[in-house]
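A.B. asks: So you can see what is in the structure, the chains are spelled out below.
There are 2 protein chains.
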Amino acid sequence: MCDNRRDEKIIGGFIVKINKHFLDLQDSYLFSTIAKKAAAHVEANPDAQVLRLGIGDVTRPLPQVAVDAMKAAVDEMGVAATFRGYGPEQGYPFLREAIKAYYAAKGVDLAADEIYVGDGAKSDIGNILELFDKDNNIIIPDPVYPAYLDANIMAGRKVFYINGDEGNGFLPMPDAIAVKPDIIYICSPNNPTGSVYNRGQLKVWVDFALEHGAIILFDSAYECFISDKTLPTSIFEIEGADKCAVEIGTLSKMAGFTGVRCGFTIISHNLQFDGQSIGKMWMRRQATKFNGISYIVQKGAEAVLTPEGLAGCGENIAVYMDNAKTIAKTMAELGIWHVGGDNAPYIWLKCPNGLSSWDFFDKLLAEAHVVGTPGAGFGVKGEGYFRLSAFNSKENVAEAMRRLKNIL
Amino acid sequence: MCDNRRDEKIIGGFIVKINKHFLDLQDSYLFSTIAKKAAAHVEANPDAQVLRLGIGDVTRPLPQVAVDAMKAAVDEMGVAATFRGYGPEQGYPFLREAIKAYYAAKGVDLAADEIYVGDGAKSDIGNILELFDKDNNIIIPDPVYPAYLDANIMAGRKVFYINGDEGNGFLPMPDAIAVKPDIIYICSPNNPTGSVYNRGQLKVWVDFALEHGAIILFDSAYECFISDKTLPTSIFEIEGADKCAVEIGTLSKMAGFTGVRCGFTIISHNLQFDGQSIGKMWMRRQATKFNGISYIVQKGAEAVLTPEGLAGCGENIAVYMDNAKTIAKTMAELGIWHVGGDNAPYIWLKCPNGLSSWDFFDKLLAEAHVVGTPGAGFGVKGEGYFRLSAFNSKENVAEAMRRLKNIL
Numbered sequence: 001m002c003d004n005r006r007d008e009k010i011i012g013g014f015i016v017k018i019n020k021h022f023l024d025l026q027d028s029y030l031f032s033t034i035a036k037k038a039a040a041h042v043e044a045n046p047d048a049q050v051l052r053l054g055i056g057d058v059t060r061p062l063p064q065v066a067v068d069a070m071k072a073a074v075d076e077m078g079v080a081a082t083f084r085g086y087g088p089e090q091g092y093p094f095l096r097e098a099i100k101a102y103y104a105a106k107g108v109d110l111a112a113d114e115i116y117v118g119d120g121a122k123s124d125i126g127n128i129l130e131l132f133d134k135d136n137n138i139i140i141p142d143p144v145y146p147a148y149l150d151a152n153i154m155a156g157r158k159v160f161y162i163n164g165d166e167g168n169g170f171l172p173m174p175d176a177i178a179v180k181p182d183i184i185y186i187c188s189p190n191n192p193t194g195s196v197y198n199r200g201q202l203k204v205w206v207d208f209a210l211e212h213g214a215i216i217l218f219d220s221a222y223e224c225f226i227s228d229k230t231l232p233t234s235i236f237e238i239e240g241a242d243k244c245a246v247e248i249g250t251l252s253k254m255a256g257f258t259g260v261r262c263g264f265t266i267i268s269h270n271l272q273f274d275g276q277s278i279g280k281m282w283m284r285r286q287a288t289k290f291n292g293i294s295y296i297v298q299k300g301a302e303a304v305l306t307p308e309g310l311a312g313c314g315e316n317i318a319v320y321m322d323n324a325k326t327i328a329k330t331m332a333e334l335g336i337w338h339v340g341g342d343n344a345p346y347i348w349l350k351c352p353n354g355l356s357s358w359d360f361f362d363k364l365l366a367e368a369h370v371v372g373t374p375g376a377g378f379g380v381k382g383e384g385y386f387r388l389s390a391f392n393s394k395e396n397v398a399e400a401m402r403r404l405k406n407i408l
Numbered sequence: 409m410c411d412n413r414r415d416e417k418i419i420g421g422f423i424v425k426i427n428k429h430f431l432d433l434q435d436s437y438l439f440s441t442i443a444k445k446a447a448a449h450v451e452a453n454p455d456a457q458v459l460r461l462g463i464g465d466v467t468r469p470l471p472q473v474a475v476d477a478m479k480a481a482v483d484e485m486g487v488a489a490t491f492r493g494y495g496p497e498q499g500y501p502f503l504r505e506a507i508k509a510y511y512a513a514k515g516v517d518l519a520a521d522e523i524y525v526g527d528g529a530k531s532d533i534g535n536i537l538e539l540f541d542k543d544n545n546i547i548i549p550d551p552v553y554p555a556y557l558d559a560n561i562m563a564g565r566k567v568f569y570i571n572g573d574e575g576n577g578f579l580p581m582p583d584a585i586a587v588k589p590d591i592i593y594i595c596s597p598n599n600p601t602g603s604v605y606n607r608g609q610l611k612v613w614v615d616f617a618l619e620h621g622a623i624i625l626f627d628s629a630y631e632c633f634i635s636d637k638t639l640p641t642s643i644f645e646i647e648g649a650d651k652c653a654v655e656i657g658t659l660s661k662m663a664g665f666t667g668v669r670c671g672f673t674i675i676s677h678n679l680q681f682d683g684q685s686i687g688k689m690w691m692r693r694q695a696t697k698f699n700g701i702s703y704i705v706q707k708g709a710e711a712v713l714t715p716e717g718l719a720g721c722g723e724n725i726a727v728y729m730d731n732a733k734t735i736a737k738t739m740a741e742l743g744i745w746h747v748g749g750d751n752a753p754y755i756w757l758k759c760p761n762g763l764s765s766w767d768f769f770d771k772l773l774a775e776a777h778v779v780g781t782p783g784a785g786f787g788v789k790g791e792g793y794f795r796l797s798a799f800n801s802k803e804n805v806a807e808a809m810r811r812l813k814n815i816l
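Sequences listed follow chains F and Z, in order. Sequential numbering from 1 applies to the first sequence in this note's numbering. Sequential numbering from 409 applies to the second sequence in this note's numbering.
Think of the hints as simulated: they come from the structure by calculation, not from any bench. All the given hints hold, so there is nothing to weed out.
Part of the chain F face toward chain Z, derived, beta carbon under 10 Å:
| no. | residue |
| --- | --- |
| 1 | 17 |
| 2 | 19 |
| 3 | 23 |
| 4 | 84 |
| 5 | 86 |
| 6 | 134 |
| 7 | 285 |
| 8 | 290 |
Derived DSSO-like pairs (lysine-lysine); straight-line CA-CA distance at most 30 Å:
| no. | chain 1 | residue 1 | chain 2 | residue 2 |
| --- | --- | --- | --- | --- |
| 9 | Z | 566 | Z | 651 |
| 10 | Z | 813 | Z | 758 |
| 11 | F | 329 | F | 350 |
| 12 | Z | 688 | F | 20 |
| 13 | Z | 428 | F | 20 |
| 14 | Z | 651 | Z | 542 |
| 15 | F | 17 | Z | 542 |
| 16 | F | 280 | Z | 428 |
| 17 | Z | 542 | F | 158 |
| 18 | Z | 425 | F | 203 |
| 19 | Z | 733 | Z | 445 |
Glycine included, C-beta positions come from ideal geometry on N, C-alpha and C.
Construct all of the structure, not just a fragment, from the sequences and the given hints.
C.D. replies: So, in C-alpha cells, the structure goes:
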C-alpha cells in the first residue's frame, strides 16, 4: 500500500491496464455455443420437437415445503416487526445448523462455523482461488467442468492436467501428476463423466495431498445422486481430509435450486497453510466482497434439509436416476462404450463410428433433434466423447433414446 | 497455461502458498468491532435501551408489491410448467428492462445489455477489479466505505488516497492526485460522509479520467436519497462518462433489499481499454464465476421498479430523510460541524471537544447507549469524525438525539 500525500508528478500517456489473461480464454463458453447451435436448428426446423439433454440443469419443481418456507419468509420481509436487513456474510446459523445435520446424517461431524453459505458452487470455487498465491501449480482433471480451467486462466495461473481415459474410467489418480501439486480439483461424481471415486481412491488422493502439502478443492455438486452406499459422498468421509481439503457443495441439483441459488463451502478449522487458517481467510474474503445470500433463499434451503424436504428432493432425484438408467441401457443395447448414469445424472459415451464430439453433436441435432454436450468442451481428453444428461422428463428421455436408436 | 503430459519429477518439500496480501489486512472489520463493543455494552447494561445509528442497514419493510411479486415467483418455482432453472448470468431481460426504464426516467439512456444484474454492490465492486492488471494505480477517497480498500489490499494493489477534509467538504477533487491515476473510486452520495458531488464536480472527474485514460468505479448505492434536482444521481448524467466509467448500483438502500440481495453494474458498450470491451470482459468473468441471482429476487426487484413499487420505496425514503433532518438539526443546535443528511442518510460530524473517533464512540455508547460509527474506521482522514445513520425509526432517532443533547 502506498500513500500519495507527497509531491509527485503525474506520469501521463498511459491508460489503465486490463488483465491480459482474459485474452487467453477461448472466445466462447461451451454452453452458449450449444445454445446458439440449438437455436439456429430450431429456427431452421420450426416443426421439429427438439429434446434437450445438454446443459446440466434440473427440470422438476421445488419441493412444496421449500415453497411454503420461502413464501413465509417473503411475508416476514413485508412486516416491520419481522423484516431482516443484512444477514451474516457466512449465512444464518439456522441454515448452517441444517447443513451440519445433513452432514452428520452421512457420518461427517462438522462445526456450524466450518460451513460458509454462498450463492452457488460456481462462485465459491472460482473465488476461493483468491486465498492462494498466483505462484501455485493447479492440477485439473481432463475432462472436467470448464469453469475450473477458465477461472484459473483468467488469473494467469499455471494449470497442469491429469488425464481421464477409458483405462482409468475417467478417474485420474495422483500418479498422473508430474509436477509439484499445490491446488488439486476433484469433482466426484464427476461432471461431465458421471464417474465416482471410491473410498480407496479418495484416500489415495487425501494421503497424496497431505504428503505434498497440497490442497484439494472437492466439488460435491452431484453427491445426492450416489445410491451405492459404499461410495463416499463427501471428501470429509476420508480420514485426514480436514487437513487438506475444502468441499464445495450446493443445493442446485439436489433440491432443484439452480434458479434459486444456494451453495456452501466447508472448511475445517484444521485446514491451515503457512500458519494461516484457510477458513478465516475465506471469511475475510467473503466479508469484503460478498454480503451473504437472500434471507428468503436461506429459509427455503433450511426447509429442503428437513426430513420432509429431503423426501421431496428424493422423489425428484429418483425420476432423474430412472432417466439415467434408461440412457445407460440404450447405450448398452447399442454397444456404445460409456460410464456414469449409475450414481450420477450424466452418461459419458464414446462417439460412435469414430466421430468427433462436435460432429456427433451436429449429427444428433440434425438427425434426431436431440441436444447433447460435446465432450471436447470439457477438455482435450474429452474429444471423441459425449455427455447426455438425465435432467428431463421421463417421456422426453424415452423419446430421445428411441430417436438415437433410429439414427445409430 | 502449461501441460504436464511430459516427464517431470515432482519437486517436494513445499506446500501450497497462500496469498500473503491477506496478512496486510487489518485484523478486524469495522462493523464487527462495533457489534462486539455494542454486545458487550448490552451485556453489562441489560436494562439500557441501546439505540443503533451505526451500521448502514435499512429498517423498514419491503413495499407490498415486491412481497406479492416474490410470493408469486416462489409459487411458479413449485410447479413444473413454470419452474425455472439456471437464468441468464447477466440477469433476466425483464429486470434489465426495468432498470433501463429507471435510468431513462432520470434522463440516462442505456441499452438493456449494458446492465449486469448481480447479488449486490459489494460483490461487483470487489470482483470487477479482476478485469484489470495488478499493475494499476488505485485512487481511493479517504474517508470512504472500507470494502474498496480491503479488496485492493487483498490483491496486493497499489493504493493512493485522496483526502477529504472540512476544506473540500469531504469531496476530494482530481487536483489531490499526485500519481498516474488508473482506477478511481467515487462514491456519491458518499458513504460515510453523506456529501454529494455536484454536476460540475463530476464533470471535472470525467474529463480528468478521459484525459488520463483512467477508469472511474462509481458507487451509486445512495443515489435514491438525493432530493436536490440539480445534483446528479448517476455518473452517466455526465457527458463522456460512458467512455471512462462503470456504475455500480443496488436496490439495498432504495428498496430495503439489504437482506434480499440485488444489485447491478452498468458498463457502456463504449467503455474500452486496450481495444477490449470492459462489458464483454465482465460478462466473461460473471459467466465463469457467478450463476446469476435468484429468479425470485429478480421478480421482487422488477416489482420495486414499477410506479407502485417506487412509490412504496419513496415512503420509506421519506421516513429516513426526516430522521436525517432531525439529526442534522440537532448537530446545528449543538454547534457541531457536520455535512450530509440533506441528500444522504448519513450525517458526518466532527467529534466534540477534540475527541478521537473511538473515544466519542465509547462515550456515546457508555453515556447515551447510542451506537454510531467511528470515522476512523473509514480511513486516516476520518479520525476525529463520526457517522450517524438515519436508518432507524422516527422515535428512536428522536430519542437518540434527546440523549445526545443531554450528554454534550
